[in-house]
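A.B. asks: Each chain is listed here by its residues.
Protein chains: 2
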Amino acid sequence: MAKELKNLTKRADNYSQWYNELVVKADLAEQSAVRGCMVIKPYGYAIWEKMQHELDSMFKQSGVQNAYFPLLIPKSFLSKEADHVEGFAKECAVVTHYRLMNDPNGKGVVVDPSARLEEELIIRPTSETIIWNTYRNWINSYRDLPLLVNQWANVFRWEMRTRLFLRTAEFLWQEGHTAHATKDEAQDKAIEMLNVYGDFAEKFMALPVVKGVKTANERFAGALETYTIEAMMQDGKALQSGTSHFLGQNFAKAFDVKFINKENQLEHVWATSWGVSTRLMGALIMTHSDDNGLVLPPKLAPIQVVIVPIYKNDEQLEQVNAVVDPIVAKLRGMGISVKYDNADNKRPGFKFADYELKGVPVRLVLGARDIEAGTVEVMRRDTLEKHVAQLEGIEEYVKNLLDEIQANIFTKALNHRESMTHKVDTWEEFKEQIEKGGFILAHWDGTTETEEKIKEETKATIRCIPMDAEEEEGKCIYTGKPSKRRVIFARNY
Amino acid sequence: MAKELKNLTKRADNYSQWYNELVVKADLAEQSAVRGCMVIKPYGYAIWEKMQHELDSMFKQSGVQNAYFPLLIPKSFLSKEADHVEGFAKECAVVTHYRLMNDPNGKGVVVDPSARLEEELIIRPTSETIIWNTYRNWINSYRDLPLLVNQWANVFRWEMRTRLFLRTAEFLWQEGHTAHATKDEAQDKAIEMLNVYGDFAEKFMALPVVKGVKTANERFAGALETYTIEAMMQDGKALQSGTSHFLGQNFAKAFDVKFINKENQLEHVWATSWGVSTRLMGALIMTHSDDNGLVLPPKLAPIQVVIVPIYKNDEQLEQVNAVVDPIVAKLRGMGISVKYDNADNKRPGFKFADYELKGVPVRLVLGARDIEAGTVEVMRRDTLEKHVAQLEGIEEYVKNLLDEIQANIFTKALNHRESMTHKVDTWEEFKEQIEKGGFILAHWDGTTETEEKIKEETKATIRCIPMDAEEEEGKCIYTGKPSKRRVIFARNY
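Just so you know, the sequences run in chain order F and C.
Using numbering that gives the first Met the number 0, the letters of the first sequence correspond one by one to residues 0 to 492.
Using numbering that gives the first Met the number 0, the letters of the second sequence correspond one by one to residues 0 to 492.
Careful: at least some of the hints might be erroneous.
A pair counts as met if it fits within one copy or between any two copies, since identical chains are not told apart.
Okay, derived cross-link-like pairs now, DSS-like style, lysine-lysine, Cα gap no bigger than 30 Å in a straight line [claimed, not checked]:
hint, residue 1, residue 2
1, 261, 345
2, 59, 202
3, 252, 182
4, 474, 338
5, 298, 257
6, 257, 345
7, 49, 59
8, 24, 261
9, 9, 182
10, 257, 106
Honestly, the hints are just simulated from the structure, not real lab data.
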C-alpha cells in the first residue's frame, strides 16, 4: 500500500486524474454499484460531518430550525411552477410501482405489474414544491412569518456525466426554505444566507469566494434572482460552491400560499431557498491539496494532530508513551483532535506517507533521543516543513501552528486566485486568456444571446456579477455595446 | 387556538385518537401529500436531533464510524439473500424511469417511455445488500476487521396502514453494519449494540425496556438471531423500539465477502446490523404524555425550562426582565436550554396551555409581587404540581428538579409496566388477561406453529424471550408441551 500511495498522479500531469485518484486513495469516497451514486467512506464522511456541524450552528444562530419533508414528490407538483419543471424534468428518477413479485415464469424477482401507482412519484431533485405545498397549511397570517426552515437531506438528479463529490446523481445537501411577509425581507434573507455561506467557506474551509449574482441564464429554475459564491480551483476553473435564491412569489402563487397582512389583506408569501451540498467536499479537496495528497484546513480535519513514536524496543516505546500520554490529554482538553499512532504493525515511513495522503495538518514525531533533548519534530502538512520544537509548551505551539496553517492555506488560495484573475478588454485577449484558465473580468452587454455565444466559442460562462463590482463605463468584449460593470467569466466545473 | 389546545381527546376515551391528535397539535409531525409519508415539523425534529446526537456519541464511543451508501439498490441485489427478498419485496418503491417529458398530446408532463432503466432500482428498505456489496472491496484480510460502520439515512417501505412516527412509508433511522473475523465477536457486537439501545432508552428517553431475543418467526429477514428492546405503552400494548441482528455469514456468502484469517485461510466474514428509527418518537410520546399534552424527558426536551412573566405595564415588565435575564444567563451557562417568553401578543394563560401541550418540563412564572417576596412559582410538567421557590439559588433548584423529573417519569413508566405484567399459566387465563392489555409471561413450546395459532386466536405475539429469563420447568399454555422458560406475549404496535 505504501507503494500505492506514491502512485498519485501529479497535478501538473493531469489535474483531473489527480483529483479522481486522490478522492479514492485518501479514502474519501468511491463509485457504487449504482450508476452515478457514490459511497462516502468514513474518512470523507467525518469531514462532511464537521462541515454540517458548523453550518448547522450558523443556521441556528440566524434563527433557522430544521425539519424534514418527504423524499418523494407527486409528479403533478413539479409541473405547477413552469420554469421549475423545465429545469428538472429531464433528470428525474421516477417511481412507478410499489411492489416486486416472484416471476411466474421463474425468472426471479420482477416488478409486480398490478402494483402500478396512479400518479408517479419523483425522487426530490430539490424540495420547493413539496415544501410550499406544506407551507400552505402552516401560514395564515403575518404572525406566522417569517418561517425559517432548513432540511438536511439526500436529493437525486439523473446526471449523465458524474464525478465523485462534484457531480453525482444522488448527493447530500441542506436546503433552506424561508417564507416572508415582504419582498424586501425575503431579498435580505437570501443575501444574509449567501453571507453565511461566504463566511463558512472562508473561515472554515479556507476557501476564498467571490459573492455575486447569477445572470438570468444561470438562475435556479423558478427563481427571480440567484446569488452565488464562486471559488477558483488550482487549475483555474471556477466551482460554484453554494447558491441562495430569491424566489419572489413564484412558489407561493403555484401552491396558493397566502397570508393576511397587517392591513388585513390577503397577499402571496415571499420566498427564498438556499443550499450547499457534498460538492463542497470537491471544492475543499481541489483547492488545497497537493501531489502528496490531501491538505485539510485544521478547522475541518477529523484528525488535527497525529503523533508517531520512533522506538527500537518495548522499553523505548514505553518511554515515549509516558511522554506522549499527557500531551494527548492536554491537547484534547484544548479541544484539539489528536491521534497517537503507536500501532506496531506499520513502520513509521508508512505512517508518514499515509497521514500526508490523508491531509492531517500537524505531525509530531518523537523518539528516545528527542526525549533526552527535550524536543520533538514537528511537520506541518501545508508546507511539508519540518521543525524541531521544545517539548515543553508543545501544546500551545501546536495550537498556534494549527491557526497558522488555517490562515496560510487561505492566503495561498487567495493569492492563487488573484494571480489568476485578469481584466480583459478585447475579444482577442479574452480568447487567449481563457485558454490559460482563471477568472476574467470583462464587460458584457447584459444579453443572454451574447452570453451564449461567448460560451459556444470559448466554453466560458459568466460565473457571476460580483456584489462589490464597481460601476465602470465600458464596452462588451463581444458586441462592443455599452456596459456598466465587469462580470466574471471562467470555465467551470 | 387556546380553545383548540383543550380539545385533545382523553386517553381513557380513545387512546389511539389521543395519540394521533397529540402528534399534530403539539407540532411534532403531520401527514404529507404523499401517501404514508410524514412531514416532521421543527419541534418534532428538534427532539429527533437530540436523540440522534446522543445515540451518535454512544456509537462513536463504541468505535463506530459514520458513512453513507446509495439510496437506490439494484433489484438483483435484493434477490441475492433468499430470506431477505422474501421479507422486503412486497413493500418496495421501484424506480423504473429516469426522465420526464412534455406529453406530445398536450397532457402535461409525463414519464418519458424511452428513459426506461435496464434494471429497476429499489429505494432502500434497509441497506444490507448494497453495503455488503461494497464491503467486498473493503475487506481482504483479518487486519481490515472489525469494520464498524453506521449510516443515518431515510428508508422506504410501502406500508399499507400508516401512523405518524409509528409506521410510515418513509422513515428516518440509523443502520449500523459491522463485519467481523469470528462468529463470537459478531454475536457479542450484536448484543453490545442492543445494550447501547437499552441504555439510551432508559437514560435519555426514560423508557424502561425489556431486552430479549426474537423467535424465529419474528426475526429480521436474513438474520440468524434478532435481539430487541420492547417497551410497554400506557394502553398496555408493546412497542418494539430497536433491534440488533446477528446475521451470521448470510450476507457475506450472498455477496462473496471473504477475508484471509490469521491462519492464512480464506473465510466468509461474520456480520451484524442494528437500527433504531423515528419510531422512537412514537414510543417517547406514548409512554409519558397525558391528557394535557406531551410530557418530555428533560434530557431530550428542546426547551427544558420556560419562563413566563406576569405584568400589567411596561414598567413591571422591565422589572421582571431585570430579574430574569441573569437567571437565563446562569441556566444557559449550566447547559440548560431556557426560553424566556415575554412576547406581549399572547396572554399568560395561552402560554401556559401551549407549553404544557409541548411538554416543557419546568415552567417558572414571575411577577412584580414575586420579585418583592423574592420568590418564583415553579410548575413541573410531569405531575403538574406548582410550588413556590426562593429566587435565590433558583438555578440549582431547577437543575435538581430536571433530574428529578427525568427519574420520576422513568419510575412511573416502570411501575406501570410492572403493574401490567402478569405470569399466566392457563389458556383460559391467558385469553382473559390479554384483553386487559399488558405483558403476559407464559410458557411456550418453542414452535412457530403454536406461536401462530396463539396470534390467530388472541392477536398476541411473542415480543421476545427475555435475556434475563430464569430457567423454569413449565408447560406451554397452548399445547401443554414442556417449556424451559417463560416468554413475553403482548399485543403490539
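A.B. asks: State for each hint whether it applies.
C.D. replies: Here is how each hint holds up against the structure:
{"no.": "1", "hint": "261 with 345", "verdict": "between (70 Å within a copy, 17 Å between copies)"}
{"no.": "2", "hint": "59 with 202", "verdict": "both (17 Å within a copy, 27 Å between copies)"}
{"no.": "3", "hint": "252 with 182", "verdict": "within (14 Å within a copy, 60 Å between copies)"}
{"no.": "4", "hint": "474 with 338", "verdict": "neither (57 Å within a copy, 57 Å between copies)"}
{"no.": "5", "hint": "298 with 257", "verdict": "neither (43 Å within a copy, 38 Å between copies)"}
{"no.": "6", "hint": "257 with 345", "verdict": "between (65 Å within a copy, 23 Å between copies)"}
{"no.": "7", "hint": "49 with 59", "verdict": "both (16 Å within a copy, 14 Å between copies)"}
{"no.": "8", "hint": "24 with 261", "verdict": "between (59 Å within a copy, 26 Å between copies)"}
{"no.": "9", "hint": "9 with 182", "verdict": "neither (50 Å within a copy, 44 Å between copies)"}
{"no.": "10", "hint": "257 with 106", "verdict": "between (53 Å within a copy, 28 Å between copies)"}
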